[in-house]
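Okay, here's what each chain looks like letter by letter:
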Amino acid sequence: MSRLLRTGAVALFAFTGAAQAVTLEVTAWKGNDAEPAALPELIERFEAANPDITIDFSYISRTDTDIVLPPRLQGGDAPDVMMADMPLVKVWGDAGLLAPLDKGDWFDRLDPAVKAAVTTGDEVFIMPLEVIGMGNFVNMALLRDVGIDTAPTTIDQLKVTCTALSQAGVKPMIFAGGFSAPLFAIANGLEHDPSAAPALGTEDTSFEQNQAFIDTLSLFPELADAGCFDPEIQAGVDPWSTALAEFKAGNFAMMPQGAWNIRDFASVEGLDFVFAPIPSANDTGVALDLFGVGWVISSQSEQAEAAKAFVDFFTVEQNLQALLEAESAYSPFTGGASGMSARAAPYDEARTAGATIQFPFGVLHWPKPLEAEIFDSLTGYLLDLEQDPADVLSRWDEIIEDQY
Amino acid sequence: MGKYRIFLFTVPAILVLGIFFVYPIALSLRLSFTDFTGVGIPKDVGWKNYERIFTRSRYLDALGVTLLFTLIVVTIQTALGLLFAALLHRLPAVRNLCRAALFMPAMMSFVIVGYVWQFIYSPFDGGLNALFASLGLGALQHNWIGDPHTALYALAFAHIWMFLGYTTAIFLAGYAAIPQEFDEAARLEGTSGWQRFRHIEIPLLAPSFTINIVLSTIGTLKTFELPFIMTRGGPDGATRTLSLHIIDSLFGKYKFGFASALSIVMLILVIVITLAQNRVLRAREERAR
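If you read the sequences in order, they're chains L and U.
When we follow my numbering, the leftmost residue of the first sequence carries the number 1, and every step to the right adds one.
When we follow my numbering, the leftmost residue of the second sequence carries the number 405, and every step to the right adds one.
FYI, nobody ran anything at the bench for these hints, they're computed from the structure.
C-beta: ideal position from N, C-alpha, C; glycine also.
Hints should not be assumed to be uniformly reliable.
[Claimed, not checked] Think about it this way: if two alpha-carbon atoms lie no more than 25 angstroms apart in a straight line, the pair counts; the simulated DSS-like pairs of lysine-lysine are: (1) Lys90/L with Lys308/L; (2) Lys103/L with Lys90/L; (3) Lys90/L with Lys115/L; (4) Lys308/L with Lys115/L; (5) Lys115/L with Lys103/L; (6) Lys103/L with Lys308/L; (7) Lys447/U with Lys90/L; (8) Lys368/L with Lys452/U; (9) Lys452/U with Lys90/L; (10) Lys248/L with Lys159/L; (11) Lys626/U with Lys452/U; (12) Lys447/U with Lys368/L.
[Unchecked claim] Pulled a few chain U residues facing chain L out of the computed Cβ check, cut under 7 angstroms: (13) Thr441; (14) Gly444; (15) Ser526; (16) Phe528; (17) His546; (18) Ile549; (19) Gly550; (20) Gly638; (21) Pro639; (22) Asp640; (23) Gly641; (24) Phe655.
The task is simple: from the sequences and hints, build the whole structure.
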């Protein structure tokens with residue numbers, strides 16, 4: 001009898017031990033060699049702090065996330081924790097495939113703009129990891145060569161800088177229609193009234209009749225006249241390959257782009273650059289913040305507690321800090337730490353001065369399909385700057401209309 | 405019963421066709437009348453997706469881009485393939501080497517080809533512009549894929565470069581099927597090389613023309629890889645093919661229902677064009693016999 005009890009006790013112990021050991025499947029489009037985002041190190045740290053949980057991590061690029069994960073979610077075989085952005089949260093959350101997160105202390109600490117963005121009705125499905133700046137990369141060595149010591153933050157300064165550079169035979173600005181020009185247009189279009197963004201993403205208000213956006217697009221010919229860029233050449237520049245290579249090679253003095261490039265640019269020997277706000281009508285310029293990514297938990301996860309522990313791990317500021325530094329990003333929490341380098345001091349100043357605007361696609365104010373149309377229409381506009389800005393903007397309205 | 409037994413042997417083929425071809429098409433047709441986002445339960449939207457396709461100029465423009473791209477690629481690729489095959493047929497010493505060299509680009513991945521050509525066409529010291537500059541032809545430098553007037557032709561050139569080897573190989577196979585006696589008899593009659601090419605080889609290569617034209621038409625009508633990698637459909641839609649619209653609608657916009665409607669439109673387009681081509685080319689083959 002006692003032997004039977006002993007065997008039973010051993011079996012029970014083994015069963016309990018086995019039940020406690022959990023393998024959590026996690027996917028993300030960061031964490032590979034090209035963009036580590038400190039995830040390998042953080043996962044190691046998490047496993048050390050939670051010896052019962054093993055992380056089975058898979059890198060899936062953002063593009064492949066759209067292809068690989070929906071069938072798994074639909075088929076009931078989703079990873080436990082997935083990296084997501086708000087467009088994905090909208091689609092997956094609406095389909096009931098995401099588990100609502102506990103609104104704990106971390107939720108209360110969120111920056112109000114981020115908090116509003118991540119809240120769907122009464123639920124929150126995503127724990128935001130970072131806010132990344134989108135601003136103007138400025139090659140200071142080239143500016144100093146023409147006697148300019150600070151990155152331009154106003155339109156007037158930008159024109160003066162462009163003219164000086166252009167006269168010295170330096171190409172002033174990469175203004176690719178596929179990204180840089182849209183960043184400039186969105187930042188300046190919304191600067192006058194950032195609160196207009198949600199309404200512009202609905203049928204209630206139109207871009208075509210929005211004077212701030214009309215005025216912003218009217219600036220394009222003025223910038224071209226000031227020598228900032230050759231519009232026809234810029235229209236066809238690939239912002240994700242050619243533009244980056246050209247800036248790194250020191251062939252252009254300025255380029256509106258995302259802060260995620262800071263680390264890469266900083267590795268280029270001799271490239272003396274700063275990350276500044278996007279020049280605008282105000283003295284501060286615009287700090288265009290992108291709420292990018294966060295963790296979501298699948299509603300089908302059988303390891304809900306372990307998944308929650310993993311997500312909670314990233315709500316601790318000192319854990320998140322490693323990721324922010326690797327990403328050159330800001331914390332999504334109020335008063336949270338920053339991972340920005342000293343090169344982003346001008347952008348930091350604009351943020352401190354309250355010149356921050358949320359990139360409307362990151363917070364779902366504007367529908368994702370509009371993004372591609374903005375890229376296309378501004379490329380078309382650069383190819384023919386005599387077009388009426390209202391006609392260009394009417395194309396944006398058509399996309400909004402198509403969403404309903 | 406006995407005479408119908410033979411049809412039992414077609415069952416495996418019918419099953420494969422049904423499961424892997426007919427069912428996906430039927431499913432796409434069904435989804436094309438919904439607002440499916442890729443997950444969850446789709447809601448019926450009636451003809452709304454089709455109405456959008458035919459009332460928005462950007463989709464009709466994409467249709468025009470697709471047809472023009474196909475016309476350029478099929479015409480030039482077929483003509484150049486015939487030219488190379490005719491030359492190599494007459495140069496047996498270098499035939500195998502040249503055939504392998506021509507075929508090489510087709511073995512490379514689209515991603516590599518796309519990026520290589522993107523840098524060749526780059527407006528900032530790209531390979532092509534640098535070549536013109538070094539030859540003293542600076543006036544010919546151009547923003548090849550940044551100018552909507554040249555972008556589609558630049559992409560078509562890269563596409564033709566990639567697949568010219570296929571076309572040439574098919575024509576060479578056609579040449580191998582032409583009986584040697586025809587050539588010898590024509591030579592005895594004192595015909596010139598051009599006359600033999602025009603009146604003997606071209607008619608007898610009719611089946612090769614059919615295969616080449618039909619295959620390259622179908623492949624090019626569905627193409628999205630090079631426009632996706634090199635221009636993302638730009639500048640301002642100048643290289644946006646229907647397939648690229650489908651990819652864009654599926655991934656990033658999560659409009660699976662709409663993408664299904666576009667797929668059905670494209671399927672009908674491919675079928676109609678291929679049937680028409682087939683009819684004309686088969687009739688030509690019959691006349692050549």
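Each hint, compared with the structure:
1. Lys90/L with Lys308/L: Holds, at about 20 angstroms.
2. Lys103/L with Lys90/L: holds (18 angstroms)
3. Lys90/L with Lys115/L: holds (15 angstroms)
4. Lys308/L with Lys115/L: Between Lys308/L and Lys115/L the Cα gap is close to 19 angstroms, so the pair holds against 25 angstroms.
5. Lys115/L with Lys103/L: holds (11 angstroms)
6. Lys103/L with Lys308/L: holds (12 angstroms)
7. Lys447/U with Lys90/L: holds (16 angstroms)
8. Lys368/L with Lys452/U: Holds. Lys368/L to Lys452/U sits at ~20 angstroms (cutoff 25 angstroms).
9. Lys452/U with Lys90/L: holds (22 angstroms)
10. Lys248/L with Lys159/L: Within the cut-off at roughly 23 angstroms; holds.
11. Lys626/U with Lys452/U: At roughly 24 angstroms apart (the allowed maximum being 25 angstroms), Lys452/U and Lys626/U satisfy the hint.
12. Lys447/U with Lys368/L: holds (20 angstroms)
13. Thr441: holds (5 angstroms)
14. Gly444: holds (3 angstroms)
15. Ser526: holds (6 angstroms)
16. Phe528: Result: holds, 6 angstroms to nearest chain L Cβ.
17. His546: violated (10 angstroms)
18. Ile549: holds (6 angstroms)
19. Gly550: Hint holds; Gly550/U Cβ to chain L Cβ min 2 angstroms, cut 7 angstroms.
20. Gly638: holds (5 angstroms)
21. Pro639: Since the shortest Cβ distance to chain L is 5 angstroms, the answer is holds.
22. Asp640: holds (3 angstroms)
23. Gly641: holds (6 angstroms)
24. Phe655: holds (4 angstroms)
The structure shown violates just one earlier hint, number 17.
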